[in-house]
Amino acid sequence: DARVTQTPRHKVTEMGQEVTMRCQPILGHNTVFWYRQTMMQGLELLAYFRNRAPLDDSGMPKDRFSAEMPDATLATLKIQPSEPRDSAVYFCASGLVLDTFPGEAFFGQGTRLTVV
Amino acid sequence: SQQGEEDPQALSIQEGENATMNCSYKTSINNLQWYRQNSGRGLVHLILIRSNEREKHSGRLRVTLDTSKKSSSLLITASRAADTASYFCATPPDTGRRALTFGSGTRLQVQP
Chain U
1 DARVTQTPRH KVTEMGQEVT MRCQPILGHN TVFWYRQTMM QGLELLAYFR NRAPLDDSGM
61 PKDRFSAEMP DATLATLKIQ PSEPRDSAVY FCASGLVLDT FPGEAFFGQG TRLTVV
Chain Y
117 SQQGEEDPQA LSIQEGENAT MNCSYKTSIN NLQWYRQNSG RGLVHLILIR SNEREKHSGR
177 LRVTLDTSKK SSSLLITASR AADTASYFCA TPPDTGRRAL TFGSGTRLQV QP
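Same order as they appear, the protein sequences are chains U and Y.
To convert, note that position 91 of the first sequence is 91 in this note's numbering; the numbers rise steadily by one, no gaps.
So the number in this note's numbering is just where the residue sits in the second sequence, counting from 1, plus 116.
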């Protein structure tokens with residue numbers, strides 16, 4: 001079964017440290033999304049890429065977050081420096097988007113980040 | 117910003133009963149999707165309904181879409197304990213954007 005793979009599944013880090021989350025999208029999908037889920041804010045769209053090019057990262061705090069897609073098999077989300085308010089579950093998803101029609105998104109299992 | 121909002125926030129029913137969840141959204145859409153999330157897991161796609169469709173079925177799921185009221189409903193018939201999860205509707209936030217935004221979800225508890 002094709003699936004989106006995220007690593008690590010869990011991460012506990014100290015405030016101020018750099019955190020890198022990785023995602024392997026499903027081969028053949030042209031769009032990769034990063035979402036963050038918290039109890040207070042629900043699911044927030046952070047950024048997304050199409051054909052590896054960043055299309056929108058307006059949901060991300062620009063000063064500390066960065067998202068890249070160095071190749072078709074890897075997307076990364078980096079936080080530097082991390083803060084306790086960044087504690088959340090971060091989801092990567094991939095899908096096929098045709099023109100302006102977002103189709104089904106396939107989600108990874110998430111990275112649960114705790115910043116202490 | 118969130119485009120869709122689900123109602124109710126939480127729902128508790130007995131096994132065998134039907135569960136209905138509603139979603140309202142703000143702007144025009146070309147499709148609306150429903151997802152399920154089991155505790156501690158990623159979201160799983162359930163069903164997609166296009167803006168020119170009014171109703172769609174998939175197994176025990178029935179989705180309706182009323183674009184004039186900007187609302188959708190998800191009906192799960194003959195619920196099972198395994199249906200216990202959170203259910204989210206998802207829509208593109210603005211016409212032309214290629215990403216989905218999700219509502220706050222309905223937490224469904226099915227009592228055995």
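Since the hints were made in silico from the structure, they are not lab data.
One or more of the hints may lead you astray.
[Said to hold, decoys possible] Where chain Y lies over chain U, by a calculated footprint (3+ residues, C-beta under 8 Å):
no.: 1; segment: 40-50
no.: 2; segment: 103-112
[As the list claims (entries may be wrong)] Listed next, with one range per pair, are the computed distances between beta-carbon atoms:
no.: 3; chain 1: Y; residue 1: Ser155; chain 2: U; residue 2: Pro61; range: 21 to 31 Å
no.: 4; chain 1: Y; residue 1: Asp182; chain 2: U; residue 2: Arg3; range: 16 to 26 Å
no.: 5; chain 1: U; residue 1: Ser87; chain 2: Y; residue 2: Lys172; range: 16 to 26 Å
no.: 6; chain 1: Y; residue 1: Arg157; chain 2: U; residue 2: Ser87; range: 16 to 26 Å
Just so it is clear, CB atoms sit at the ideal spot from N, CA and C, and this is done for glycine as well.
Name the hints, by number, that the structure is in violation of.
4 and 5
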